[in-house]
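Protein chains: 2
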Amino acid sequence: MGASVLSSFSGCSKSQFEDKNIITANNSSKVNFKLATSWPKHFPIMGEAVLKFAERVREVSSGSIEIQVFGKDELLPALSVFDGASTGAIDIFHSGPYYWKGKSLSISIFGGVPFGMTPDEGLSWFKYGGGMDLWREIYDRYNLYPMLGGNTGPQMGGWFRKEVNTLNDLKGLKMRIPGLGGQVMAKLGVTVQTLPGGEIFQALQTGAIDAAEWVGPYDDEKLGLNKVAKYYYYPGWWEPGATLELQINLNDWNKLPPEYQVAISTATYESNLTMLARYDSLNNEALQRLLSSGTQVRDYSTEILTAAQKASFALYDEFASQDADFKAIYQQWLEFRKRIYAWHKLNEGSFTNFVYSQF
Amino acid sequence: MGASVLSSFSGCSKSQFEDKNIITANNSSKVNFKLATSWPKHFPIMGEAVLKFAERVREVSSGSIEIQVFGKDELLPALSVFDGASTGAIDIFHSGPYYWKGKSLSISIFGGVPFGMTPDEGLSWFKYGGGMDLWREIYDRYNLYPMLGGNTGPQMGGWFRKEVNTLNDLKGLKMRIPGLGGQVMAKLGVTVQTLPGGEIFQALQTGAIDAAEWVGPYDDEKLGLNKVAKYYYYPGWWEPGATLELQINLNDWNKLPPEYQVAISTATYESNLTMLARYDSLNNEALQRLLSSGTQVRDYSTEILTAAQKASFALYDEFASQDADFKAIYQQWLEFRKRIYAWHKLNEGSFTNFVYSQF
Numbered sequence: 489m490g491a492s493v494l495s496s497f498s499g500c501s502k503s504q505f506e507d508k509n510i511i512t513a514n515n516s517s518k519v520n521f522k523l524a525t526s527w528p529k530h531f532p533i534m535g536e537a538v539l540k541f542a543e544r545v546r547e548v549s550s551g552s553i554e555i556q557v558f559g560k561d562e563l564l565p566a567l568s569v570f571d572g573a574s575t576g577a578i579d580i581f582h583s584g585p586y587y588w589k590g591k592s593l594s595i596s597i598f599g600g601v602p603f604g605m606t607p608d609e610g611l612s613w614f615k616y617g618g619g620m621d622l623w624r625e626i627y628d629r630y631n632l633y634p635m636l637g638g639n640t641g642p643q644m645g646g647w648f649r650k651e652v653n654t655l656n657d658l659k660g661l662k663m664r665i666p667g668l669g670g671q672v673m674a675k676l677g678v679t680v681q682t683l684p685g686g687e688i689f690q691a692l693q694t695g696a697i698d699a700a701e702w703v704g705p706y707d708d709e710k711l712g713l714n715k716v717a718k719y720y721y722y723p724g725w726w727e728p729g730a731t732l733e734l735q736i737n738l739n740d741w742n743k744l745p746p747e748y749q750v751a752i753s754t755a756t757y758e759s760n761l762t763m764l765a766r767y768d769s770l771n772n773e774a775l776q777r778l779l780s781s782g783t784q785v786r787d788y789s790t791e792i793l794t795a796a797q798k799a800s801f802a803l804y805d806e807f808a809s810q811d812a813d814f815k816a817i818y819q820q821w822l823e824f825r826k827r828i829y830a831w832h833k834l835n836e837g838s839f840t841n842f843v844y845s846q847f
Numbered sequence: 489m490g491a492s493v494l495s496s497f498s499g500c501s502k503s504q505f506e507d508k509n510i511i512t513a514n515n516s517s518k519v520n521f522k523l524a525t526s527w528p529k530h531f532p533i534m535g536e537a538v539l540k541f542a543e544r545v546r547e548v549s550s551g552s553i554e555i556q557v558f559g560k561d562e563l564l565p566a567l568s569v570f571d572g573a574s575t576g577a578i579d580i581f582h583s584g585p586y587y588w589k590g591k592s593l594s595i596s597i598f599g600g601v602p603f604g605m606t607p608d609e610g611l612s613w614f615k616y617g618g619g620m621d622l623w624r625e626i627y628d629r630y631n632l633y634p635m636l637g638g639n640t641g642p643q644m645g646g647w648f649r650k651e652v653n654t655l656n657d658l659k660g661l662k663m664r665i666p667g668l669g670g671q672v673m674a675k676l677g678v679t680v681q682t683l684p685g686g687e688i689f690q691a692l693q694t695g696a697i698d699a700a701e702w703v704g705p706y707d708d709e710k711l712g713l714n715k716v717a718k719y720y721y722y723p724g725w726w727e728p729g730a731t732l733e734l735q736i737n738l739n740d741w742n743k744l745p746p747e748y749q750v751a752i753s754t755a756t757y758e759s760n761l762t763m764l765a766r767y768d769s770l771n772n773e774a775l776q777r778l779l780s781s782g783t784q785v786r787d788y789s790t791e792i793l794t795a796a797q798k799a800s801f802a803l804y805d806e807f808a809s810q811d812a813d814f815k816a817i818y819q820q821w822l823e824f825r826k827r828i829y830a831w832h833k834l835n836e837g838s839f840t841n842f843v844y845s846q847f
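Going down the list, the protein sequences come from chains A and B.
Everything in the first sequence is counted per the numbering used here, starting at 489 for the first residue and increasing by one.
Everything in the second sequence is counted per the numbering used here, starting at 489 for the first residue and increasing by one.
Note: identical chains are not told apart, hence a pair may lie in one copy or across any two.
Here are the computed lysine-lysine pairs in the BS3-like style, where the Cα-Cα straight-line distance is at most 30 Å:
| no. | residue 1 | residue 2 |
| --- | --- | --- |
| 1 | Lys-718 | Lys-826 |
| 2 | Lys-615 | Lys-710 |
| 3 | Lys-540 | Lys-615 |
| 4 | Lys-743 | Lys-540 |
| 5 | Lys-833 | Lys-659 |
| 6 | Lys-615 | Lys-815 |
| 7 | Lys-710 | Lys-833 |
| 8 | Lys-650 | Lys-826 |
| 9 | Lys-798 | Lys-833 |
| 10 | Lys-675 | Lys-826 |
| 11 | Lys-826 | Lys-589 |
| 12 | Lys-833 | Lys-650 |
| 13 | Lys-743 | Lys-560 |
| 14 | Lys-743 | Lys-518 |
| 15 | Lys-826 | Lys-715 |
| 16 | Lys-662 | Lys-833 |
| 17 | Lys-833 | Lys-718 |
| 18 | Lys-710 | Lys-826 |
| 19 | Lys-518 | Lys-540 |
| 20 | Lys-833 | Lys-715 |
| 21 | Lys-675 | Lys-833 |
In case anyone wonders, no lab produced these hints; they're calculated from the structure.
Small disclaimer: the values here were computed from a predicted structure and weren't measured.
My request is simple: use the sequences and hints to build the entire structure.
Right, dumping it as C-alpha cells:
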C-alpha cells in the first residue's frame, strides 16, 4: 500500500489565507506515510533518530505529514525494506546502502567503503561534490528518492582474542565481519563469519569465533563484548563514515507539494547532525568505561593497513570491471576523495595529530 | 524595534482545524523578524547560509515566520548586533561568539578557542555534552536565546613571508591575527595587528606586515593573499572549529508558539550541516589551485605548537582566575575535550593518520 492521500481540506476557502498572505498547507491534503527500518524501532541512537525525524516532520508540517515508524519485522524483514519502498508497499525506509550491493555494486559507495571518507568528507561529497546527484540517478531506477539518514562516525575494528600484528596473524582467524570489510578480510586470509549482532557474544565466549566487529564502544558494551574476556580492541578502517539512508518512494515524493518536500528534507538535517553528535558523546563515555575495566586498545600495524588498503582497491577495480555504474561513480568519488584528503590532512590532520598525541 | 507580532488570524475558527486533526499555525499570528549579521549580506558561504536559513524558516512555517536579513552596516555595525538583539532593536543576529569576550570571558569558549575542539567534537559537546545548556545560561543574562549558526571547519594559520621554524623566528614578527589567537601569538613575541580583511592584501604587499591569517584557501584566495608573493602557508591551531551563532531575543523566543520555535530550530540544522560541507568543498578545490600556482605549504614545528599550546592554557588559567563563569565552563569543557580527544584519536585519528600520510 502506498501513501494514503486523504481528502483535501475544504473547511475554509483558499482566499481567506491569501488575504493574510499566509500560504499554508491547509488547502493541501493530509499525508500518511509508513516508514520501515532495518533495525528495531527503539534501537539506541539509530532507531531513536528515526522516531525523532518522524516527530519533526509532523511538527514542521503542522501535522500535515504523519509518518508512522515500524521497526524491523513489524511490517517487513530488515532486508525487505528497499523493495517495500521501491514497490510502494511502504513509503519510506531507513537503512544502510551497504545492504544493497546485490542490486547494484555501485550502491555500496554511497554507504561508505573501506578506506573511504570520514563523515564530514562524505557530507561534503554528497552535498557539493556531486555525490547526491549520482545517488539520485542510481536510485531513480528503483523508484526511490534518496535522503541522508545519519552517520555513526568511524566504526571500531573489533575485538580480538589475541593481538594481531602481522598478516600472518590474520591467516585462518575466524572473524565476524560482514559487508565489504569482510570481503577485504577474506582476501587477507581471514575466515569470515556473518553472525547477527545477538549471536556475537556467545560465539566469542564459546570460542566459535576468534574475533568480531560490531559498531563502537557504546554498542559493543551493550552486547557485552568487553566482558567475554580481556580482549584486544582495534580501531577500524572499513567503515570510516557509515552513511545511513532515508529513502522515499519516488511516486510519493513527486506527488508531494513542494512545501511538504521541504518539511521532510529539512528534518533530515537534524537527524544527520544529532546522530553523529550522539554517537560521539555516548562513545567517548563508553570508551572510558571500557578502558577502566581492562580493555586493551591496539592499533592495526602498518603492514596490515597497507595490505588491507591494497586489497580494498583491488576489490574496487574488480567491481569497476564488472559494473559500468560502479566505475563511473568510483572514479568521480576517488577524485573528490583525493582532494578532500589533501585538504583535511592540512587543516584538520595537522592539528589533531599534534593534540591527540597527548591523549 | 522588536518583533512585529501582527493581529491574530481569525478568518476561520480553531475547531475547523481540530476536526481534521490538523494543528496548524494559522490560528496563530504572523511574525516578522529582523536579522542582522556581522558580515555583508551576500558574504560567500557564511552570509549565504543565513539567507538560506531565513528562506527555510519561511518555508517550514508555511510563510508564518518572515525573517528579513540585513548585512553588516545595513541596520547596525558588525559589532553592535549583540546589543541590538539583546535590547530588542533587532530580533536575531548571526555572528561569532569570539567577538563578545569583552562582555564575558566565558563567551569565548562557545566560539571555539586555540587548541579547542574540531567541528564534530564541538557539536557533540553542545548537543549532548552540556555545552548548549551552559551557553543558554550565560546568554540568558543578555536576554538572548542561542542556536548554532554553522562552522567554518578548522581555519588556516596564515601566510608568512619567511618560513617560521623556531620560537625565535616568531619574535618581533608583525602579524595580522585577531582574537585569542592573537593573544597567544603576542605571548610568543609576535607583534599583533588587527587589520580588517580588506586591508590585509595591501599591508602584506607593502611589507607593513610580515604575516597574516584570514580563513582558509577559498576565502584567502578571494583576498588575493596567494598573489602577493610566494608566501608560505601554514595550517592553524587557534580556530580548530570556529562555531558561529544565531541568537534570538529571548522575549521574542518565549513569545513564539512552540510550533514556530520548532520551525526555527529545525532550520538551523541545515545551516550547520551545509555550511561546513560547503567550506570543505570550496576549500579542497581552492587548495589545489593554490598548490598549482606555487603556494608553499608548511607545518608549524613541534617547538612552536608546544609553546603555543602552553601559552593558550596559561591564558585560560588567567581567565579562570578573573572570571568564575569562565572557570566553571572551562573545567566542564576540558573534561569533555579530554574524553572526546581520546575517542577521536582512537576511531578517526588512527584511520586518517594512515590514509592522509599518502597525500
